[in-house]
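Student: The lines below spell out each chain.
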Amino acid sequence: MIHVHVYEKWWIGLTVAMLIAFSLAIGVSGFMMGIQLPSPEALVNPNTVAKQGDFANPGLKELAPKKYVAYIRAEANPWKFRPEKIEVPVGSTVTFYVTAVDVQHGFKLEGTNINVQILPGQVSKMTATFNQKGEFPFVCTEFCGVGHQNMFGKLIVK
Amino acid sequence: MNTFAVERKIAGWHIFVAIFALSLGILFGPLQAWEHMGWNTYPALQAVGLQSYYQGLTLHGVLNALVWTTFFITGFLTYVVAKSLNRGMTFPKLSWAAFFVMVIGLVMAAIPLLLNLATVLYTMYPPLQAPWYYYLGLTLVVVGSWMSGWSMLLTWNAWRKDNKGATTPFLALASLISMVLWQICTLGIASEILVLILPWSLGLVPGIDVQLSRTLFWFTGHPLVYFWLLPAYVSWYGMMPKQAGGKLFSEPLARLAFWLFLLLSTPLGFHHQYVDPGIPEGWKFLHAVLTLSVFFPSMLTAFNVVASLENGGRARGGTGLLMWIRSLPWGDPSFTAQSLAMIVFAFGGVGGVINASYNVNLVIHNTAWVPGHFHTTVGTGVTLTFIGILYWLIPHFTGKALWGRKWALWQAWLWTIGVAIFSQGLHRLGLLGAPRRTMLGVATDNYGTPEWLFPRLMTGLGGTIMLISFCVFLLVVIKTMRNKETAQVEMPVAEALHHETIPAWLNNWQPWLVGAVVLILIAYGPMLVQSIAQLQMTSPGFNGLW
Chain D
729 MIHVHVYEKW WIGLTVAMLI AFSLAIGVSG FMMGIQLPSP EALVNPNTVA KQGDFANPGL
789 KELAPKKYVA YIRAEANPWK FRPEKIEVPV GSTVTFYVTA VDVQHGFKLE GTNINVQILP
849 GQVSKMTATF NQKGEFPFVC TEFCGVGHQN MFGKLIVK
Chain G
667 MNTFAVERKI AGWHIFVAIF ALSLGILFGP LQAWEHMGWN TYPALQAVGL QSYYQGLTLH
727 GVLNALVWTT FFITGFLTYV VAKSLNRGMT FPKLSWAAFF VMVIGLVMAA IPLLLNLATV
787 LYTMYPPLQA PWYYYLGLTL VVVGSWMSGW SMLLTWNAWR KDNKGATTPF LALASLISMV
847 LWQICTLGIA SEILVLILPW SLGLVPGIDV QLSRTLFWFT GHPLVYFWLL PAYVSWYGMM
907 PKQAGGKLFS EPLARLAFWL FLLLSTPLGF HHQYVDPGIP EGWKFLHAVL TLSVFFPSML
967 TAFNVVASLE NGGRARGGTG LLMWIRSLPW GDPSFTAQSL AMIVFAFGGV GGVINASYNV
1027 NLVIHNTAWV PGHFHTTVGT GVTLTFIGIL YWLIPHFTGK ALWGRKWALW QAWLWTIGVA
1087 IFSQGLHRLG LLGAPRRTML GVATDNYGTP EWLFPRLMTG LGGTIMLISF CVFLLVVIKT
1147 MRNKETAQVE MPVAEALHHE TIPAWLNNWQ PWLVGAVVLI LIAYGPMLVQ SIAQLQMTSP
1207 GFNGLW
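Quick note, the sequences are listed as chains D and G, same order.
Under this note's numbering, think of the first position of the first sequence as 729, with each following residue one higher.
Under this note's numbering, think of the first position of the second sequence as 667, with each following residue one higher.
A couple of the hints might just be wrong.
Okay, the calculated beta carbon distance ranges per label pair [to be verified]:
#, chain 1, residue 1, chain 2, residue 2, range
1, D, 770, G, 865, 21 to 29 Å
2, D, 770, G, 763, 46 to 54 Å
3, D, 821, G, 704, 34 to 42 Å
4, G, 987, D, 770, 57 to 65 Å
5, D, 752, G, 675, 52 to 60 Å
Among chain D residues calculated to face chain G with C-beta under 10 Å, some are [said to hold, decoys possible]:
#, residue
6, 740
7, 743
8, 759
9, 769
10, 787
11, 788
12, 791
13, 796
14, 805
15, 828
16, 848
17, 873
18, 879
Listed next, the stretches of chain G that the computed footprint assigns to chain D, with coverage defined by at least 3 CB atoms under 8 Å from CB atoms of chain D [unchecked claim]:
#, region
19, 1018 to 1026
20, 1107 to 1116
Note that these hints are calculated values from the structure, not bench results.
Quick caveat, the model's predicted, so the values are computed rather than measured.
Using N, Cα and C, we set each Cβ at its ideal position, and we do this for glycine too.
Pulled out of the complex, with its shape left as it was, chain G reads as follows:
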């Protein structure tokens, strides 16, 4: 039997860097939340080299949203693909090379971040200008993640040759779709950095086109959230039903949801640019409709995953219309963390429809509502799911029993309570007109109202609870790594409820890839041609504003 020792090692190192980045990045979260409450700790932190709120905010965004997610996902999916195909990586050296490219990139980006030379937030909007090696470092992180994806695809290709005509197992297919989506959508940020930003930050050209750089950024920026989300869906569809004691309700529709994400995730970036002056209303409306259409696979997921959990609840003896929920394994931290992540994510989904809604978005665009929103999605839907995955994955990799089951349960519940309060605060502040990415404690004295006070306090309190929850998580991880008690924990793999033949159109890349490219050409092609025709390389860089 293959024990996948190599893949464990590859995934383990990715996940180690991911947890390290998250631990560092998350420390800044409460500092922001406390500033909103009116307690600015940054002046005191200058002694340790931290210059400003905005440096902390940049570190928080880059380390949590980019580094933690990308490293976790590439590591986790490498392992899932190998296990699901029951086949080790065909070229493990490629996966290792990918890891080292990502680490080198991370170090190159981390140095200017820590030296306060790259306080440009994670969106790095020009003409704010960081040193060229910061951008190159981020590029290497992305290139490394591509290489991880290539390694998975080559392994699948080898598997296919040995299994002619066979249907790719769900977990492998879903993982591969996530990685291919990433390959397609990162073409935007790759061209932004390589064509526009690097020549400009190296001083080879005097100016940059600001509007075009935003368009290229958001070409990647929204599908990025599906790159975060789909690995969580891999677990929700393909693993959690097993953990709940049940089976996957509809495997064909689970596959359909993933194909639809591949098809629809990219041609909708303008919804991040609804208020940009350089894009006509008609194109924004087209992207609005396409954004709403991604609601469709999300709703498929909501039904299918909940039905699968119901199947588990009933298999465990649950009855009644809703009372089966009580029969779910709420004593299992992995299950509980992911279920709570799902519930919080559902609220994020509803808020997301508001963000997507073209002119309704005017009320909340660029306000504190937006970080309120994405802490329910990537900050909890994704992050708490990954934490839940780690509660089985670390024992599975190390052979050590999970330490402190009750502590881990508390961690999941505390995070959920914390984010509920924290996000409520930010959503309310947004509706009251408070901008995002702003020292709100100071802004309150400038243009705030007394109504801001209560939600500011909610943000501070919620953020504090989330910090406590994260400390508990680290305690559980460290104690588990040092645990003397051993355990045999398997990777949960859910079976399908009905053994159906998967039709060819749900096992064939071609129609979905062609469709994705066509949609991208329709949604982006004409605007990109026009932007290039009227290219405005006029904005010099600014690097002394922080």
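In isolation and in its complexed conformation, chain D is listed as follows:
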């Protein structure tokens, strides 16, 4: 065996303990408390998604009182989310379905854990509940061309 200084043994022990603690913390919060990451939802054809299916007429749909789904299309040139504005009453739970018709985009909704890559060919799904009134911008977080910095929308909670 190799010689390891006693301080270094302590240091290694401390490192291993930290790694176990960190892994447990993210595992428990992720799989038991539901603070989860995006995962596969559906595959679509980016060349036809704007013409047929749920993304042909994007926007908010009410499933039940205070329970909504929102279909959003991310598009470059002009750089826009469609729709750009969504309004829901306070206390609503909204499930977002977002896809791209051209290049890669991002979708980050301020004030929530919603932060997802938007890829042509994939549907990204995220859910959040809005208990505070206000305006929350959702912004494109992936470079998608020279208009990238102008690509954003607004969620209004009333």
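Put chain G on the given structure of chain D with help from the hints.
Tutor: Frame of chain D; chain G shown alone:
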């Protein structure tokens, strides 16, 4: 005595191209920082052919993160392997061929970059589409770097035959591990370009699978950072203790750290894809745990390197719990630059644990936090270390004394102060929700808040200080090259503190290579099979968006 004239020449040319690329690439850095502050210089720069912020950003990323690092590393390690084995390259022509392949690749990639035909950022995410020769050029840079690695491995193989049963010296082993890690992990980007991107950018197939191309990119994209980092560790472990007047605290554990990097660096790329829609949570979590496990060799390094420096500080007469730090050679620019790089890198490591942490990452993913992070790691931990290495290497190669020791010291401190302010600004902006890779000066008017103002100013100020620091570095290099004063500067080689026999498992490639391949198969195999089974070659290319 072998003077390694051939290896000096090979390494010298690599390093010349590296510094040239860095000098050009770094010029764009402050332009980005100033834009964040609200001063957009790009419209004025259209007169010199620079079309947009994003063209500048692409040049900055490619030249600094890919070209400067790869050329410096292949050149530096070629020389270190030769010196450490006390043996010239067995096939110097292979090393030269490698260099020319890399240069041809660089020129092929540089032309479309400068003509604003390849403004796809250094991640070149499809379906943004650059001309096919841009991708081919980048491929040649990688292939050339492989050939450099083969030349080092063949030299080591010849050494081994003449030294049967001998333990490979630490500096050579650590350098070879860095190059082998690179060979393994670049299989991802090589298959992305050769199988997916080239046929598609040549128009042979109409569409590309965007999700799969991202997975293959990040197969290489994260181990890439260890390819940058390990040559810095070569210096921290194998050279800096000598510069500090001490010895390497634990050579066996230094070797163990390198083997663990070889084992663990690749099967963890999904942490760059935590928010990708096409990868299930379970696989992301597995990669999260594997990413955290790389924290282990990093912590081994933190202890061992600091203990070695303490050994130096005490050998120089330092005493007390911490007062030995004052006895370190703070008047030596090479030592100081690398020590400061280490301190900044430690903060980068802590931030890296946050990035790695699965769902905590949601707060900062794709935000300005991320460039804030990697300017403390590759931008300083690695780059300032390489600059520190150059402060002994240029005099060592040229026989000329380092010009302006005080200027060089100022350079290191200014860089550290600059990056501290700059990265603070970007980390804060990220926490406030500002996206990365974005003209934040413009975005502020769209969706920013007044809270963004102060960190935007920090970014601009810090970036300016870093530019000044870099100008000082160039001054020192040019003045040293023209210096009439001569000096005999040796390559620092640290001795081990304890002369222990290195056990066989720390001198044997097989278990670590097999382990690395097995881990890659477990972490990537099933997802890759599934992606190929449901291949979606549907995305046409877009080349008119910039």
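Student: Please check whether residue 987 (chain G) and residue 770 (chain D) have a Cβ separation lying inside 57 to 65 Å.
Tutor: With Cβ atoms ~60 Å apart, the hint holds.
Student: Would you check whether residue 787 (chain D) satisfies its interface hint, that is, whether its CB is within less than 10 Å of any CB in chain G?
Tutor: violated, 20 Å
Student: Return holds or violated for the Cβ distance of residue 770 (chain D) and residue 763 (chain G) against the range 46 to 54 Å.
Tutor: Hint holds: Cβ distance 49 Å, inside 46 to 54 Å.
Student: Does the nearest C-beta of chain G fall within a distance shorter than 10 Å of the C-beta of residue 805 (chain D)?
Tutor: holds, 6 Å
Student: Examine the region 1107 to 1116 of chain G: at least three residues should have C-beta closer than 8 Å to a C-beta of chain D.
Tutor: Satisfied; 4 residues make the cut.
Student: Is the hint on residue 873 (chain D) kept, meaning its closest Cβ partner in chain G is under 10 Å away?
Tutor: holds, 3 Å
Student: Can the hint on residue 848 (chain D) be confirmed by a CB-to-CB distance to chain G that is less than 10 Å?
Tutor: holds, 5 Å
Student: Quick one: are residue 770 (chain D) and residue 865 (chain G) within 21 to 29 Å, going by C-beta?
Tutor: holds, 27 Å
Student: Regarding residue 752 (chain D) and residue 675 (chain G), is the given constraint of 52 to 60 Å on their beta-carbon distance met?
Tutor: With a Cβ separation near 54 Å, residue 752 (chain D) and residue 675 (chain G) satisfy 52 to 60 Å, so the hint holds.
Student: Given residue 759 (chain D) as an interface hint, is the shortest Cβ-Cβ distance to chain G below 10 Å?
Tutor: holds, 8 Å
Student: Using C-beta distances, would you say chain D covers the region 1018 to 1026 of chain G, given that this needs three or more residues below 8 Å?
Tutor: holds (count 5)
Student: Do the numbers back the hint for residue 828 (chain D), that is, is its least Cβ distance to chain G under 10 Å?
Tutor: holds, 9 Å
In this structure, the hints that do not hold are numbers 10, 11, 12 and 13, in rising order.
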